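Colleague: Each chain, letter by letter, is given below.
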Amino acid sequence: MSGLLTPFRQAVRRDLLLAARHKTEVITALFFFVIVVNLLPLGIGPDADLLRKIAPGALWIGALLATLLGLQRLFAPDHQDGTLEQMALSPQSFTLLIAGKIMAHWLVSGLPVVLIAPLLGVQFDLPARSLGILTLSLLLGTPILSLIGAVGAALTLGVRGSGVLLSLLILPLYIPALIFGAGAVEADLAGLGFEGHLSLLGALLLACTVFAPWVSTVALRVALE
Amino acid sequence: MLSVSQLTCQRGERVLFRDLSFALPAGQWLQVAGANGAGKTSLLRILAGLSEPVSGQVTWNGQGLREDREAFHADLLYLGHQGALKEELTPLENLTLSLGMEGFPPDEARVTEALHRFGLQGREMLPSRYLSAGQRRRVLLSRLLLRPAPLWILDEPFTALDVHAVATLCQLIENHLAAGGSAILTSHQTFSLPPGLSVTL
Chain B
1 MSGLLTPFRQ
11 AVRRDLLLAA
21 RHKTEVITAL
31 FFFVIVVNLL
41 PLGIGPDADL
51 LRKIAPGALW
61 IGALLATLLG
71 LQRLFAPDHQ
81 DGTLEQMALS
91 PQSFTLLIAG
101 KIMAHWLVSG
111 LPVVLIAPLL
121 GVQFDLPARS
131 LGILTLSLLL
141 GTPILSLIGA
151 VGAALTLGVR
161 GSGVLLSLLI
171 LPLYIPALIF
181 GAGAVEADLA
191 GLGFEGHLSL
201 LGALLLACTV
211 FAPWVSTVAL
221 RVALE
Chain X
1001 MLSVSQLTCQ
1011 RGERVLFRDL
1021 SFALPAGQWL
1031 QVAGANGAGK
1041 TSLLRILAGL
1051 SEPVSGQVTW
1061 NGQGLREDRE
1071 AFHADLLYLG
1081 HQGALKEELT
1091 PLENLTLSLG
1101 MEGFPPDEAR
1111 VTEALHRFGL
1121 QGREMLPSRY
1131 LSAGQRRRVL
1141 LSRLLLRPAP
1151 LWILDEPFTA
1161 LDVHAVATLC
1171 QLIENHLAAG
1181 GSAILTSHQT
1191 FSLPPGLSVT
1201 L
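As given, the protein sequences belong to chains B and X, one line each in that order. The opening residue of the first sequence carries number 1 in our numbering; numbering runs sequentially from there. The opening residue of the second sequence carries number 1001 in our numbering; numbering runs sequentially from there.
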C-alpha cells in the first residue's frame, strides 16, 4: 500500500516545496479571497439580515475565484520545463503523480480558504452553527474545485489565451458544488437540515476523486503529443 | 532490443519521414542524424512513447510500447531538450525529487556523488537558476548515474557541455553499452564513441 502511494506522496512533497519557494503566489490567492469577501459587506452596507443571507454565497464565490487563480499554474510551468514529460515517462503511475499535484494544489489554495472562512463569516453576522456548516461545506467542496479545475487546466494546456478559456470551461462545472455548498447553510436556517446538501457534496467529491485525476491524465497525454 | 518498422511521422501537412525501419540490439548505440527540422526530436519522442506515429510500429523486447507502458518506462531513460530542471530548486533537490517520482529511493549521498562526478562540487545547494547552461545539462546528465535503465534516449546530450564533460559522458555511454545497454542519441557535435549504427532523416 505504501509502495502504491509513494509517487502520490512524492508529487505532493515536490509541489509543496515549490510552493514554499513561491510564497507570494500562495499568499496572493488567499488575500484575493479575503479582499473579495470583504468588499461585499462594504458595498452592501450594514444591513445584518441581508448580509446573513448572502454570506454563504459570497464566501463560496470567493473560494471559486481564488481556486481559479492558481489553476493556470497547475500544469503550465511543468509543461514548459519538461517535468510533465518526465512524469509521463515515469515507471510509476502517471495518474497518481497527477493526483498528487492536485492534492498539493488543494493544500496550497483550498485549505487556507477553508481555515480563514469562519473568521470572514463573522463579519456577515453568521451565527456559530451556520459558520460551522459553512466551513464544513467548504472543506468538502474546495477539493472538488481543485479536482474539476485540474481537468480544465489539463484540457487547456498549451492553448493560447488559456486563462480565459479555462474560466469559461470550469466555472459552469462548479455550479453543482456552489449550489449544494452554499445551499447547506440556507437549508439549515430554513429548518430542512444541512445533511442532505453535504451528503450530495460528499458524493460529488468521491466521484471527482475517482475520475478527475484519470481524465486529467488522458488530457495531459494528448497535450504532450 | 528496440525495433522500429515502417514508421511514418507527419507534422501538420509535412511528412517528416516515411517507412523508417531499423533495429537496435542490446549493447549497441544509434545516432539519429539529420538537418535542423528533419524530425530527429519527433522520432525520439515517438521512440519514447510520448507521441504516436501516423503509421508503423515500435516494439521494445517484442512488445508494443503501449501494451505495457509502465514496464517500458522502467527500462527507459529519456532526456529531452528541456530537462525538467526547476529553477527555484537546487540540483540536489531536483534530482532527489525526480528519483522519488520515478519510484527510486531518493538517496542524497548517491545524488551528491553523481553531481561530483559531473564536476558540480559546491553547486549542490545552489538554486538551479544560478547555474550556467552547461552546468544545467550536467545536472540532468547526472540522472544517467542514478537511475538504472537498459535504454537511453538522449536528445542533444552534448549541447553546451565543455570538453571535459563530453569525455565524461562518452565514458558513461561506453560503460553503459559494455554492460549490455543501448543508447539512441542525436548530436551536431563531434564526440568519440565506438562505432555504432546510424539513421539519417
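None of these hints come from the bench; they were simulated from the model. For clarity, every value in this text was computed on a predicted model and none was experimentally measured. Please note that the accuracy of each hint is not assured.
Label pairs and their in silico Cβ distance ranges [to be verified]:
(1) B:Leu111 - X:Ser1192: 21 to 29 Å
(2) X:Pro1105 - B:Leu111: 53 to 61 Å
(3) B:Val122 - X:Glu1070: 45 to 53 Å
(4) B:Glu25 - X:Val1015: 18 to 26 Å
(5) X:Val1054 - B:Leu42: 35 to 43 Å
Here are some chain B residues pointing at chain X (derived, C-beta under 10 Å) [said to hold, decoys possible]:
(6) Asp49
(7) Arg52
(8) Lys53
(9) Ala88
(10) Leu89
(11) Phe94
(12) Thr209
Backbone N, C-alpha and C define an ideal beta-carbon position, used for all residues, glycine too.
Colleague: Compare the structure with each hint and give your call.
Modeller: Verification of the hints:
no.: 1; hint: B:Leu111 - X:Ser1192: 21 to 29 Å; verdict: 55 Å, violated
no.: 2; hint: X:Pro1105 - B:Leu111: 53 to 61 Å; verdict: 29 Å, violated
no.: 3; hint: B:Val122 - X:Glu1070: 45 to 53 Å; verdict: 50 Å, holds
no.: 4; hint: B:Glu25 - X:Val1015: 18 to 26 Å; verdict: 43 Å, violated
no.: 5; hint: X:Val1054 - B:Leu42: 35 to 43 Å; verdict: 60 Å, violated
no.: 6; hint: Asp49; verdict: 49 Å, violated
no.: 7; hint: Arg52; verdict: 44 Å, violated
no.: 8; hint: Lys53; verdict: 44 Å, violated
no.: 9; hint: Ala88; verdict: 7 Å, holds
no.: 10; hint: Leu89; verdict: 5 Å, holds
no.: 11; hint: Phe94; verdict: 9 Å, holds
no.: 12; hint: Thr209; verdict: 21 Å, violated
When the structure is compared with the earlier hints, violations turn up for hints 1, 2, 4, 5, 6, 7, 8, 12 and for no others.
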